[in-house]
Amino acid sequence: AQSVTQLGSHVSVSEGALVLLRCNYSSSVPPYLFWYVQYPNQGLQLLLKYTSAATLVKGINGFEAEFKKSETSFHLTKPSAHMSDAAEYFCAVSEYSSASKIIFGSGTRLSIRP
Amino acid sequence: NAGVTQTPKFQVLKTGQSMTLQCAQDMNHNSMYWYRQDPGMGLRLIYYSASEGTTDKGEVPNGYNVSRLNKREFSLRLESAAPSQTSVYFCATPGTYNTEAFFGQGTRLTVV
Numbered sequence: 100a101q102s103v104t105q106l107g108s109h110v111s112v113s114e115g116a117l118v119l120l121r122c123n124y125s126s127s128v129p130p131y132l133f134w135y136v137q138y139p140n141q142g143l144q145l146l147l148k149y150t151s152a153a154t155l156v157k158g159i160n161g162f163e164a165e166f167k168k169s170e171t172s173f174h175l176t177k178p179s180a181h182m183s184d185a186a187e188y189f190c191a192v193s194e195y196s197s198a199s200k201i202i203f204g205s206g207t208r209l210s211i212r213p
Numbered sequence: 277n278a279g280v281t282q283t284p285k286f287q288v289l290k291t292g293q294s295m296t297l298q299c300a301q302d303m304n305h306n307s308m309y310w311y312r313q314d315p316g317m318g319l320r321l322i323y324y325s326a327s328e329g330t331t332d333k334g335e336v337p338n339g340y341n342v343s344r345l346n347k348r349e350f351s352l353r354l355e356s357a358a359p360s361q362t363s364v365y366f367c368a369t370p371g372t373y374n375t376e377a378f379f380g381q382g383t384r385l386t387v388v
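Residue numbers (our numbering), protein chains in the order written: chain A, 100 to 213; chain B, 277 to 388.
Since the hints were made in silico from the structure, they are not lab data. On a predicted model such as this, the values are computed, not experimentally measured, just so you know. You may find that some hints are simply not true.
Unchecked claim - Computed beta-carbon distance windows for the label pairs:
| hint | chain 1 | residue 1 | chain 2 | residue 2 | range |
| --- | --- | --- | --- | --- | --- |
| 1 | B | 388 | A | 167 | 32 to 40 angstroms |
| 2 | B | 294 | A | 155 | 44 to 52 angstroms |
| 3 | A | 151 | B | 316 | 45 to 53 angstroms |
| 4 | A | 100 | B | 316 | 19 to 27 angstroms |
| 5 | A | 151 | B | 337 | 27 to 35 angstroms |
| 6 | A | 181 | B | 358 | 40 to 48 angstroms |
| 7 | B | 341 | A | 179 | 46 to 54 angstroms |
| 8 | B | 303 | A | 157 | 33 to 41 angstroms |
| 9 | B | 288 | A | 154 | 27 to 35 angstroms |
As the list claims (entries may be wrong) - Counterexamples of contact, computed for chain B against chain A with all Cβ distances above 12 angstroms:
| hint | residue |
| --- | --- |
| 10 | 293 |
| 11 | 317 |
| 12 | 334 |
| 13 | 340 |
| 14 | 347 |
| 15 | 355 |
| 16 | 364 |
| 17 | 386 |
Note that beta-carbon positions come from the ideal geometry of N, C-alpha and C, so glycine has one too.
With the rest of the complex left out, here is chain B (with noise of 0.2 angstroms):
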């Protein structure tokens, strides 16, 4: 039992380059959320699936697009990386009523 598994770990990208990080869970849930976390800034929602076949933006959304693949997948594509975008990356799924939030161990993303 994995619970969330991120994809990749670490990921160094040229300005203008395009990639998507996948995120998968085995835990049944319903909703699944991608965040970045920046230095001094928390973690910040980029976009929000709340079921299979819905996604919403968060409160970062820009530069981003998301698909929810199935019940166990939603993944986060960068269509031309830039620099603002290096952080890393958490992908999590909160279980029922949000009364908590498990999540992946994150993707490292370096834009140069």
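Chain A on its own, in the form it takes in the complex (with noise of 0.2 angstroms):
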């Protein structure tokens, strides 16, 4: 069965500063990745995905992740927070087939810090 971890429910950075936020994942099979944003009292909205491509993937507004297999990590960077980055971000797992689930992690909360 696969799921997602996502280490700290909240951290908290500096405008500016580096962004890391963790997911770790389990699945028996190659496994498609995800993170996705929502910022307060909206949807859920894509920010990247891994499909098995290219290992490092670029999403918006400057984020991005790299697929380690040996770690079994999706982790999400940004090398400089802005003040709009502040929102919940979830990372989700599925696999490739019609019949699979999309399974998300419980969230992260960045906030920024002037």
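Since each chain sits alone in its own frame, please combine them into the complex, following the hints.
Dropping the structure here:
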């Protein structure tokens, strides 16, 4: 069965600092991996996705994530945080199958200090 | 092209009342999902439908029923609402072979 673990329910960084949000997954087959962002009172928006092509994936708003099979990780990074990055971030996993489900982690709330 | 549309956006129910959350997608996808979002618990799958005419239970199906009316529409029904069902509900439809999920804007439900 697939699962996702997000380490840290709340991360706080200063504006301009590195953002690192951690995600580890479990999957019996090669996974698809996603990061979604949710701004207050809004739905979920896809930031980036890994679907077995390049292991370093670039997304919107300057975010990127690296798929590391040996570590079963898919951490999200951004070199320089901006105030507008404050939101909740969800890591998710699925498989290449119409019968598979998309499973989400518990989320990480990112706060940006001025 | 609206993508995924959910109605209503907000709802307050009294314990024991019933209601149906509606979801429609215009993306011609086969699969549709219902999730609930609670603080600190991420999104948990309630029910999903892999294709028109089929539905299956997810992680937290108790207290809910669903209907896949046609390829476009997937409704979620609460027959007798309980305070534990206070949550934000999201409908989603994944792309072909789960390469991405597209979400509605959510329904914020409060049961008092």
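How the hints compare with the structure:
no.: 1; hint: 388(B) with 167(A): 32 to 40 angstroms; result: violated, 46 angstroms
no.: 2; hint: 294(B) with 155(A): 44 to 52 angstroms; result: holds, 49 angstroms
no.: 3; hint: 151(A) with 316(B): 45 to 53 angstroms; result: violated, 31 angstroms
no.: 4; hint: 100(A) with 316(B): 19 to 27 angstroms; result: holds, 21 angstroms
no.: 5; hint: 151(A) with 337(B): 27 to 35 angstroms; result: holds, 31 angstroms
no.: 6; hint: 181(A) with 358(B): 40 to 48 angstroms; result: holds, 41 angstroms
no.: 7; hint: 341(B) with 179(A): 46 to 54 angstroms; result: holds, 48 angstroms
no.: 8; hint: 303(B) with 157(A): 33 to 41 angstroms; result: violated, 25 angstroms
no.: 9; hint: 288(B) with 154(A): 27 to 35 angstroms; result: violated, 47 angstroms
no.: 10; hint: 293; result: holds, 24 angstroms
no.: 11; hint: 317; result: violated, 6 angstroms
no.: 12; hint: 334; result: violated, 7 angstroms
no.: 13; hint: 340; result: holds, 16 angstroms
no.: 14; hint: 347; result: holds, 14 angstroms
no.: 15; hint: 355; result: holds, 24 angstroms
no.: 16; hint: 364; result: violated, 9 angstroms
no.: 17; hint: 386; result: holds, 14 angstroms
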